[in-house]
Amino acid sequence: MLSACSSSVTQIPRGASLPSVAVESVDNSFEPQTVSVAVGQSVTWTNTGRNRHDIHMKKGPTDFGVDQDSFVPLTGTYTYSFSKPGSFVYYCSIHGTAKGKGMAGTIVVSK
Amino acid sequence: MKTLRILVSTAALMGVLASCGGSSSSDANVKRVPQDFKTIQEAVDAAVAGDLVLVDKGTYAEAVTVETDNIVIRGIDRNEVILEGNYTLDNGIRIVGAKGVVVENMTARNYRANGFFWTGVDGYRGSYLTAVRNGDYGIYAFDSVNGIFEHSYGGGSPDAGFYIGQCKPCNAIINDVIAENNGLGYSGTNASGNLVIANSTFRQNRAGIVPNSLDSEKLSPQEDNIIVGNLVYSNNNGLTPAIGAAKLAMGNGILVAGGNRNQILRNRVWDHDITGIGIVPNSDKSLFWVEGNSVQENDVSDSRAADLALTALDAKANNCFSKNVFVTSKPADIENAQPCSGTATAPFDKDPLPLADLINRVKPDSGDIKKMPDPGPQTNMPNAAKAKAVPMIAPPTPLDVASVTLPAKP
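Chain order of the listed sequences is A and B. Residue numbers 1 to 111, in my numbering, belong to the letters of the first sequence in order. Residue numbers 1 to 410, in my numbering, belong to the letters of the second sequence in order.
Just chain A, with the same shape it has in the complex:
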């Protein structure tokens, strides 16, 4: 009977059971600027500023990011779950640069 059982196991990332980490997008910075999460854990950005902002990454997951028309002032939110470890610099393209100057932050994702 046991030979009929599947031998594959679905790994659930450690972070999936952890709450989303909050980052506030104010005018013009991300607070806190650096956050650490586990693989599978998400980060939720909220635009509490009065200016338009967006969120982009030059080197990172290709499906990451939100544009300024969606991430509206005072109420816009964006949530992303990180599936791979690494250190990822992100930025607002209006007020920061891909090099991490100006309005930029870092997500550190651990296994």
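Hints were generated in silico from the structure; no laboratory data involved. Do not take every clue at face value.
As the list claims (entries may be wrong) - Once the Cα atoms are required to be at most 27 Å apart in a straight line, the calculated DSSO-like pairs of lysine-lysine come out as:
id, chain 1, residue 1, chain 2, residue 2
1, A, Lys84, A, Lys99
2, A, Lys58, A, Lys84
3, A, Lys99, B, Lys350
4, A, Lys59, A, Lys111
5, B, Lys168, A, Lys101
6, B, Lys316, B, Lys350
7, B, Lys285, A, Lys58
8, B, Lys316, A, Lys99
9, B, Lys218, A, Lys101
To be verified - Computed list of chain A residues with no C-beta within reach of chain B, every gap over 10 Å:
id, residue
10, Ile12
11, Arg14
12, Thr48
13, Gln68
14, Ser93
15, His95
16, Gly96
Claimed, not checked - Just the calculated beta-carbon pair ranges, DEER-fashion:
id, chain 1, residue 1, chain 2, residue 2, range
17, A, Thr106, B, Thr343, 29 to 35 Å
18, B, Asp302, A, Glu24, 42 to 48 Å
19, A, Asp69, B, Lys285, 22 to 28 Å
20, B, Asp314, A, His56, 46 to 52 Å
21, A, Lys84, B, Pro354, 56 to 62 Å
Think of the CB as a built atom: it goes at the ideal place given N, C-alpha and C, for glycine as much as any other residue.
Based on these hints, arrange chain B on the given structure of chain A.
Just chain B now, kept in the frame of chain A:
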């Protein structure tokens, strides 16, 4: 009280500082656009500290980012060197973390965010700039210190024509500018310390000059500005594009919203639907009251609610009014209720400003930014082709506030 200092014109200062290492347009370290580089961005990327990027007449559909210290970007003709945003690009020229960068003698229009924008810098200057119909601010410095905006024009922005935010001390001067057809002519959130706004005109905006405190930027509350010698009139313009705060402030000439220890001196203010000069609290996540503001020697007239107005927590908040020419005030007899010297001889709370009613008034919705007019030709900087290029390598020379007089009506 500021000690007497000598007013130094920028042109004279440039001549002196030129001997400290600026580039003339005939030097080898001038990068010409389009003669040497097809785009302004290419020239900026090739420039090193001390270089002059000299841009010829033309329209440039570019969003330029500057990350090199101490360069000067100059148009050969303020009215004919045009950065064009086409309502799709975000910033005309933005300087990110690069000190000493000067931008002068050109126009930026129709950008989604800002015409000319410095962020996180020590040393900046914008001179002879025209910014029109840009979606946040026309000419903007954020989290930056030691800077000047002068001889410039900001029009048609829903937030502000000129904005300085989040600095303490700012060490900044706004001098000889025009702001019209904006939500706010000037806005300065949490911009504090050695910030002077002088000799300028704020007209036909929703509100004229609005230093303010908010929680959405760091370094609150706003404090210690000097607003002196300005013409502020007819800021009731319901046709402008306007953010929410500008709609709320509509109809006020000079409005300190939750700021402290600002000096408002020798301004000529007239024709406002609410107040000419108002000192009021501002409510964000925090409630910012007003303390220690001083309103003296202004000429204020034709305000429909009150020429001079104060809403403070109590009389001990030390806001004061003296030697102004005015007719109406709320509270009544404001110069005897809150004098700058001597003892109060009138009640603090007689006939108060009905602040809640005024805030809740229905105001016109934001207008169409694309309908905001061009200003017409603006004054060029002298000798743009040959003048030495001088980066902003030192703090601005202090403005001689004591010598700034009450301006005449135009």
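Looking at histidine 95 of chain A again, its CB stays over 10 Å from all of chain B?
Histidine 95 of chain A is in fact no farther than 10 Å from some Cβ atom of chain B, at 6 Å.
Between the alpha carbons of lysine 58 of chain A and lysine 84 of chain A, is the straight-line distance 27 Å or under?
16 Å, holds
**Request:** Test the statement that threonine 48 of chain A is away from the interface with chain B: the closest C-beta pair must be farther apart than 10 Å.
**Result:** Answer for threonine 48 of chain A: violated, closest chain B Cβ roughly 6 Å.
Compute the least Cβ-Cβ separation between arginine 14 of chain A and chain B, then decide whether it is above 10 Å. Holds, because the least Cβ-Cβ distance between arginine 14 of chain A and chain B comes to about 34 Å, which exceeds 10 Å.
* **Hint check for proline 354 of chain B and lysine 84 of chain A - Cβ pair distance inside 56 to 62 Å** => Once the Cβ atoms are compared, 59 Å apart, the range 56 to 62 Å for proline 354 of chain B and lysine 84 of chain A holds.
ask   = Are aspartate 69 of chain A and lysine 285 of chain B spaced within 22 to 28 Å by their CB atoms?
value = Check passed, 25 Å falls within 22 to 28 Å.
Hey, lysine 59 of chain A versus lysine 111 of chain A, does the alpha-carbon distance stay inside 27 Å? Given pair lysine 59 of chain A, lysine 111 of chain A holds - Cα atoms ~19 Å apart, limit 27 Å.
For lysine 218 of chain B and lysine 101 of chain A, compute the direct alpha-carbon distance and say whether it is at most 27 Å. Holds - the C-alpha atoms of lysine 101 of chain A and lysine 218 of chain B are around 18 Å apart, at most 27 Å.
(request) Kindly confirm whether 42 to 48 Å is satisfied by the beta carbon distance between aspartate 302 of chain B and glutamate 24 of chain A. (result) With Cβ atoms ~43 Å apart, the hint holds.
Notebook entry, point to check: Are the Cα positions of lysine 168 of chain B and lysine 101 of chain A separated by 27 Å at most?
Noted result: 20 Å, holds
For this session: For the pair supplied as a hint, lysine 316 of chain B and lysine 350 of chain B, confirm whether the alpha-carbon distance does not exceed 27 Å.
Result: 16 Å, holds
*Has the hinted range 46 to 52 Å been met by the Cβ atoms of aspartate 314 of chain B and histidine 56 of chain A?*
At 49 Å between Cβs, range holds.
Violated hints for the displayed structure, listed by number in ascending order: 3, 7, 8, 12, 13, 14, 15, 16, 17.
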